[in-house]
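Since the structure of chain L is already known, use the hints to place chain U on it.
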Amino acid sequence: MRKNWWKILIAVFLILLIIYLVLPRQDVNIVTQMTKEETEGLKRILNRYERYNLVEFNIINISFNNHYNRIEEFINADTEVDIARGDIKMPQWFKENVVNNCTVDQAVDCLVLIYNPEIIDSPPETIAEFRTLAQKKTIDKSGNQSGAPDFNSKQIEQYGAYVPMSSGWWMSPFFGAADDDFLAPSFNREDFISTAEKFKKMHQNGVIPLVAQDEFYQWMMNKFTAGKVGMIINGPWSIPKLREADINFEIALLPQGEDGRFSPMGGQQWIMLSDEPEVKNVMDYLSSSEVANLFYKYNGTLMPNESFLNKLEENENNIVAKQLSQAVKINNKTDYDLYKFFSDDFPKYLEENLTKEELVKGWEEKLQNK
Amino acid sequence: MSFLIVLFSVYQRFNYEMEIKADLYKSLSSLFFDNLKEEINLKMRKKEPKKLANFPKQIENKLTQVGSMSYYSKIKNKVLFVYTLENEQAVLYKLYLPPLIQNVADKVQLNADYGVFSTLYEPIVNFNLEEKGITFYQRDEIVRGGLNYYFVAPNNNPYSIYPFYLIIDLNLNLLNLVLINLIRIFIFVLITAIITYYIANRFSQKVSDKITQLSETAYLKGQRAVKGLESDAELPATDIKEIDKITTTLRYLFRSNYDYAKELEENHQQIKNTNEALWNVLILTEKLVGNNISPSVFQEQIKNKVSGLEVNTVKPLKNLVHDIIRINQEKQEYLEQNQELIYKTLDLLGEMSEYRDDVTGAHINRVSEIAAILGQGFLNDEEELIKLKNASKLHDLGKIAIPDDILIKPGKLTDKEYEEMKKHARFGYNILSRIEDPLFDLAAQIALTHHEKWDGSGYPLGLSGLDIPLESRIVAICDVFDALKSSRPYKEPYSFDRAFKIIGNDAGTHFDPEIVEILMQNKDKIIEIY
Chain L
1 MRKNWWKILI AVFLILLIIY LVLPRQDVNI VTQMTKEETE GLKRILNRYE
51 RYNLVEFNII NISFNNHYNR IEEFINADTE VDIARGDIKM PQWFKENVVN
101 NCTVDQAVDC LVLIYNPEII DSPPETIAEF RTLAQKKTID KSGNQSGAPD
151 FNSKQIEQYG AYVPMSSGWW MSPFFGAADD DFLAPSFNRE DFISTAEKFK
201 KMHQNGVIPL VAQDEFYQWM MNKFTAGKVG MIINGPWSIP KLREADINFE
251 IALLPQGEDG RFSPMGGQQW IMLSDEPEVK NVMDYLSSSE VANLFYKYNG
301 TLMPNESFLN KLEENENNIV AKQLSQAVKI NNKTDYDLYK FFSDDFPKYL
351 EENLTKEELV KGWEEKLQNK
Chain U
1 MSFLIVLFSV YQRFNYEMEI KADLYKSLSS LFFDNLKEEI NLKMRKKEPK
51 KLANFPKQIE NKLTQVGSMS YYSKIKNKVL FVYTLENEQA VLYKLYLPPL
101 IQNVADKVQL NADYGVFSTL YEPIVNFNLE EKGITFYQRD EIVRGGLNYY
151 FVAPNNNPYS IYPFYLIIDL NLNLLNLVLI NLIRIFIFVL ITAIITYYIA
201 NRFSQKVSDK ITQLSETAYL KGQRAVKGLE SDAELPATDI KEIDKITTTL
251 RYLFRSNYDY AKELEENHQQ IKNTNEALWN VLILTEKLVG NNISPSVFQE
301 QIKNKVSGLE VNTVKPLKNL VHDIIRINQE KQEYLEQNQE LIYKTLDLLG
351 EMSEYRDDVT GAHINRVSEI AAILGQGFLN DEEELIKLKN ASKLHDLGKI
401 AIPDDILIKP GKLTDKEYEE MKKHARFGYN ILSRIEDPLF DLAAQIALTH
451 HEKWDGSGYP LGLSGLDIPL ESRIVAICDV FDALKSSRPY KEPYSFDRAF
501 KIIGNDAGTH FDPEIVEILM QNKDKIIEIY
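Protein chains in written order, with the numbering used here: chain L, 1 to 370; chain U, 1 to 530.
Next comes chain L alone, as it looks inside the complex:
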């Protein structure tokens, strides 16, 4: 009888398992502009949901660039997209696609200093220290330090730091640290020029190269993971890739200037594009504390949950959380202004095609142009 009891139990279990495996599952299609490494973390989180729900997720990755356009393309091509991940700066024209105005903040991010402890012994506390370290640790193939008479800027073996000077997002920590009003029309011109000049000098000294707008991110990550760059500025979304690259790295607060530390605040959100009840359930799941913890665990990203962030900052002394508490929200226009200015005017300035006055003027016009 005992033996039979066990057999029955096993049989029931097998039947349930077969039913579980065979039962049709609802497809939920998710479009995301995560990096490949971030997507792996997302897959693990969604697998947990699939385990207990009759759902099968299909994930389509698109590039960050023009991601709202791509999502719209899917929608216009009658391709089913149930959930999309987009920047929190959702364009107005896209909002009509959002079902029931249902969005869930997936991540808030800012910029932090990421450094290689094998090159940089301790992270710079100030912008000045950052510049000094950047210069000191820039070494050519012959081993000459930047600033040395024999230093060959065309044959750099290792950069002390890299900052995408064609990206306003990445340059904002330096300008903002010097003047926290630099995004406002009342920005301090002298501070602005001073910061710009310093970068120009570093560029001219070969300390920081100018990389094209559409290449800088790849270049930066490739160089850093290859151990050729001592310090970069980047967000927590890059942590999975750094982990995968198995490189030794540490995170620190951004160096501070006279006006403290400045980091732009960005973020990503889940956007519900389908009114299926199951999709709503998934959205609820994605907004849960459990998922918040998992995203932090797998991807290092932070969901905008106050208690979660407080816990990170107080109990774990999390750098990103700390930096986030000081981050500044950037709206769409400011974001575009930053992009436009630093992708267009600033490179010209670095290449001596714009004077500093013209540079400042250009920035001023941008800020005043609402």
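Calculated from the structure, these hints are not laboratory results.
Label pairs and their calculated CB-CB ranges:
#1 Ile19/L - Lys76/U: 42 to 52 Å
#2 Ala148/L - Asn61/U: 48 to 58 Å
#3 Arg45/U - Lys201/L: 28 to 38 Å
#4 Gln102/U - Gln145/L: 44 to 54 Å
#5 Lys7/L - Glu17/U: 40 to 50 Å
#6 Lys297/L - Tyr11/U: 25 to 35 Å
#7 Asn101/L - Leu179/U: 48 to 58 Å
DSS-like, lysine-lysine: derived pairs with alpha carbons at most 30 Å apart:
#8 Lys348/L - Lys47/U
#9 Lys51/U - Lys340/L
#10 Lys76/U - Lys95/L
#11 Lys228/L - Lys107/U
#12 Lys154/L - Lys107/U
#13 Lys36/L - Lys107/U
#14 Lys340/L - Lys47/U
#15 Lys50/U - Lys333/L
#16 Lys36/L - Lys78/U
#17 Lys333/L - Lys94/U
#18 Lys333/L - Lys57/U
#19 Lys95/L - Lys57/U
#20 Lys348/L - Lys51/U
Chain U is nowhere near these chain L residues, computed Cβ spacing over 12 Å in every case:
#21 Ile119
#22 Glu125
#23 Ser142
#24 Phe187
C-beta: ideal position from N, C-alpha, C; glycine also.
Just chain U now, with coordinates in the frame of chain L:
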């Protein structure tokens, strides 16, 4: 089992090839997209864009969205449309992609079957995904379409103008793979089988030879070991652990057997020696009992026979010998006593036989003495002489059955009385023959025939010559001689000379002449008796 091996092999091979190719195409695709971007950028630089008065309304706001980098692009009918601002001028680039893509593919030497697709999986170059069995939502790195597998590489650059998908046929048709692997496995199995068969055959032959050698050696040595003939128990090794363990046991058994056989042999020898010694003791005891050897000789010979035996055997044997000697001694004494008693009884019987006719016991003794002297001339055996001496004492025992009036009649007997008297010989025989004993047999014989005469004129049987027993012939002379020398109621004892003369005169008639001769030769001894 073979099926599982095939499955496993296919799986292994499949995974291996997939990994190799995936790694290769990962690098290749990265190169491909970099080159494609260059190609597109180059084309855009070379090409004169179409200047627009304004961007189309639906596009205008899209150039300023986050991450747009002031571009808006889309693909339609294999043409890439790029809207952008150049020097604040709205422009449109139209780039026909297939030749650009082809150039890039040639540049990077992409030889595999490939396709480039838009975000919507619309084919820009080469194969149709639907035909390949790939669906829209299959965006994993490796996707399966039917029995084929494809590598899917999106352009990972987050700031690329337009994201493409490069899909490369991994050329990993499952069926082909299974077939190829089956063939490979088959060839491998065949070669392995041949080699294995060859090796196994050789090995098996070698093992068989070793086992045969072991078996034969073990048989021969075993046989010899059991018989205790072979102490060398070394057996050849077979290099097979289990059999060599048995061999070790066999070696031990053989050695043990040999030792046991040797011990057994020694024991047998010991037993043989002991048996022999015991047998000799028995023989010697028989001799001792039969008085063929003296106790001292017996003891001496026993000593020789038991030397070399084990102490445990010798000691009881010696004790036995002592007991035998003692018992023999006692027996001898007993026999002697017995013999003496018998002889005394015979004396008594002899005296009894002469008692009534007034003849003294001295007659019996003298007859006995003379018979002994005469007997020495014929009998060498001391025992025979003693027997003669004692048996002769009863020659007239039969007289006890003769009535007094005849026996002790002082005068001459009538014929009738004489005939009665003559019966004493038979009477004596009748009495003495009832005792089954050699002495009494002789006495009975003497009693019966001591009156027989050499010439056959005696009584009761009328025997003559050598038919008359020697002892009777002797006793006859002794009886007559002593009678001649004895006093009778009817006569006085004759002198020795006369007695010898009378006896001599009757030699050849009454008496055996040879015995008479002996008598005459021993006159002095005989005279001494008297």
